[in-house]
Amino acid sequence: MTSLYSGQAIRAGLKDFVLARLLSAVLSLGTNILLVRWMDEAGYAGYVTLTSLQLSSLLLFSFGIERVLARFSGQALLAWPRAAFKRLVAGSLALRVVSLMLLGGAVHLIGEQLVSELKIADWHEVEWAFWCYAITFGVYEALQACSQSLMQQKAIRDALTFQWLARFVVIAACFLVTGEVSVERVLWTFGVTALLSSLHLLGAIRRQAAVTAPAADGSAADFRAVAALGWHNHVEKLVSLPFSTQFVRLVSANALNLYAVALLGFYQTLVMTFHRHMPSALAMGMLESTIAGRMLRPDGRAESAQVLSTVFKVNLAYVLSLAAWLCVSGQAVLTLITGGKYAEQSAALVLLVLGLVPGGLWQLFIIYCNATNEAGVLPKATFVSLLLLLPVLASMYLFPGMGVWIVSGGLLLVGIGQCMVAHLMLAARTGAPAIDFAGAAKFAVCVLVPSVLLRQAVPHSGLAYPLAMALAGLLVTALLMLGLLRLGVLFSDRDIGVLDKLSPPGVRLLRKFHLIR
1 MTSLYSGQAI
11 RAGLKDFVLA
21 RLLSAVLSLG
31 TNILLVRWMD
41 EAGYAGYVTL
51 TSLQLSSLLL
61 FSFGIERVLA
71 RFSGQALLAW
81 PRAAFKRLVA
91 GSLALRVVSL
101 MLLGGAVHLI
111 GEQLVSELKI
121 ADWHEVEWAF
131 WCYAITFGVY
141 EALQACSQSL
151 MQQKAIRDAL
161 TFQWLARFVV
171 IAACFLVTGE
181 VSVERVLWTF
191 GVTALLSSLH
201 LLGAIRRQAA
211 VTAPAADGSA
221 ADFRAVAALG
231 WHNHVEKLVS
241 LPFSTQFVRL
251 VSANALNLYA
261 VALLGFYQTL
271 VMTFHRHMPS
281 ALAMGMLEST
291 IAGRMLRPDG
301 RAESAQVLST
311 VFKVNLAYVL
321 SLAAWLCVSG
331 QAVLTLITGG
341 KYAEQSAALV
351 LLVLGLVPGG
361 LWQLFIIYCN
371 ATNEAGVLPK
381 ATFVSLLLLL
391 PVLASMYLFP
401 GMGVWIVSGG
411 LLLVGIGQCM
421 VAHLMLAART
431 GAPAIDFAGA
441 AKFAVCVLVP
451 SVLLRQAVPH
461 SGLAYPLAMA
471 LAGLLVTALL
481 MLGLLRLGVL
491 FSDRDIGVLD
501 KLSPPGVRLL
511 RKFHLIR
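Just so we're aligned, residue 1 is where the sequence shown starts under this note's numbering, counting upward by one.
Just so you know, nobody snuck in bad clues.
With a straight-line cut-off of 30 angstroms between C-alpha atoms, the simulated DSS-like cross-links for lysine-lysine are:
id : residue 1 : residue 2
1  : LYS501    : LYS154
2  : LYS512    : LYS501
3  : LYS442    : LYS501
4  : LYS512    : LYS442
5  : LYS237    : LYS86
6  : LYS237    : LYS154
7  : LYS154    : LYS86
8  : LYS237    : LYS380
In case anyone wonders, no lab produced these hints; they're calculated from the structure.
Can you make the complete structure from the sequences, with help from the hints?
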């Protein structure tokens with residue numbers, strides 16, 4: 001019964017998980033580069049708006065399905081009657097499909113007003129393709145959550161690789177054959193590939209169910225707990241919806257011009273790619289289990305706080321490395337990626353990247369609050385952040401010409417405010433984690449001040465050699481970060497001790513090159 005979660009299975013799953021992350025990141029970024037290069041401004045802005053509408057629809061009608069399947073699929077397969085497992089999976093998929101179909105019918109009735117507000121051209125031409133993609137992607141997300149619970153990481157890796165490779169090839173073929181890439185073709189391509197990937201995952205789930213026998217002393221199916229978990233997660237999604245990237249994109253589509261919508265959409269796509277590969281995001285599951293285990297010890301709270309403080313500093317080094325590189329040679333990097341499109345406001349991309357710092361810290365607060373039974377802090381801090389977001393959204397309408405800067409700077413300030421509120425609330429209750437904010441601020445100043453000065457010294461008009469400038473900026477950034485690491489500006493001895501436990505090979509490598517003590 002436990003072979004599904006044996007050490008060997010977990011190690012193999014981790015390998016496939018990392019490989020899937022890397023392959024999908026490269027292929028998805030390549031696909032988005034093709035889209036931003038080959039679609040005209042109106043087409044790419046429409047694509048950004050429609051995908052934001054699709055993701056917002058999934059959040060609005062999530063019903064906590066992904067969280068439910070991730071939490072209960074493995075338990076249902078191993079301990080529940082087989083009929084209950086089938087009911088769980090089939091019922092979740094049916095709820096997802098029916099809810100999106102009903103939403104599609106409602107949107108069809110108010111389509112004219114909606115597309116007018118969001119400035120979506122040719123809605124009637126793309127409506128069927130849009131809902132095909134929305135439904136098939138929603139089903140795929142649910143099946144992926146179920147597959148993760150059943151340790152089917154290899155199947156997920158294959159599905160993601162096929163999905164993004166097929167999209168890349170089809171979009172490239174469309175452009176080479178017809179000389180253009182339309183929104184309708186992109187949505188149909190995404191929808192069909194999501195459907196085929198869903199069928200692959202469904203087959204893997206069925207095969208796993210066929211070879212896994214339920215326990216003889218298994219428990220009865222607890223669908224009341226399933227419903228409760230789904231409802232709580234659904235409410236959390238609804239509360240956080242206005243703070244989501246997708247919602248901000250929809251407001252931008254209504255308030256700003258097409259160029260600003262397309263630019264923000266592409267910048268946020270890059271930032272979301274960076275976010276998925278933050279250390280805290282990659283190790284979220286491991287951190288949750290590690291912190292929960294440490295809390296059982298007498299000194300567990302202090303140990304957990306030190307771990308979170310160290311992970312925050314690792315996040316900070318990752319984010320500031322990206323921000324410094326883009327600050328020094330962001331226009332050259334964007335010129336290489338887009339062929340010159342959307343490169344002149346690269347400083348706004350730097351602000352969006354810096355927003356990953358409070359975003360990563362918020363992930364750590366979630367882990368800490370759940371481990372210390374202080375989860376009630378999270379929705380309250382989120383609610384306060386929504387109040388902070390309102391002036392940002394209003395400013396987009398009052399000053400549309402500054403919309404790109406309002407969004408990039410405003411989201412950074414809102415994220416900082418959200419984390420500050422959570423920290424103050426925890427400090428007033430059972431005590432906030434002792435994260436080394438002073439050391440982090442010192443490191444940020446040491447990175448950002450030289451980067452800004454170098455940016456002023458680098459010419460940003462008429463870039464003749466963008467590749468050379470991008471590589472030069474990367475080299476300068478690497479030397480700066482390695483120098484600060486060698487000087488011990490960021491990591492204390494306690495941090496190095498934590499890193500030695502989390503990643504001994506990495507610490508040995510750093511010591512080999514005398515980058516840490």
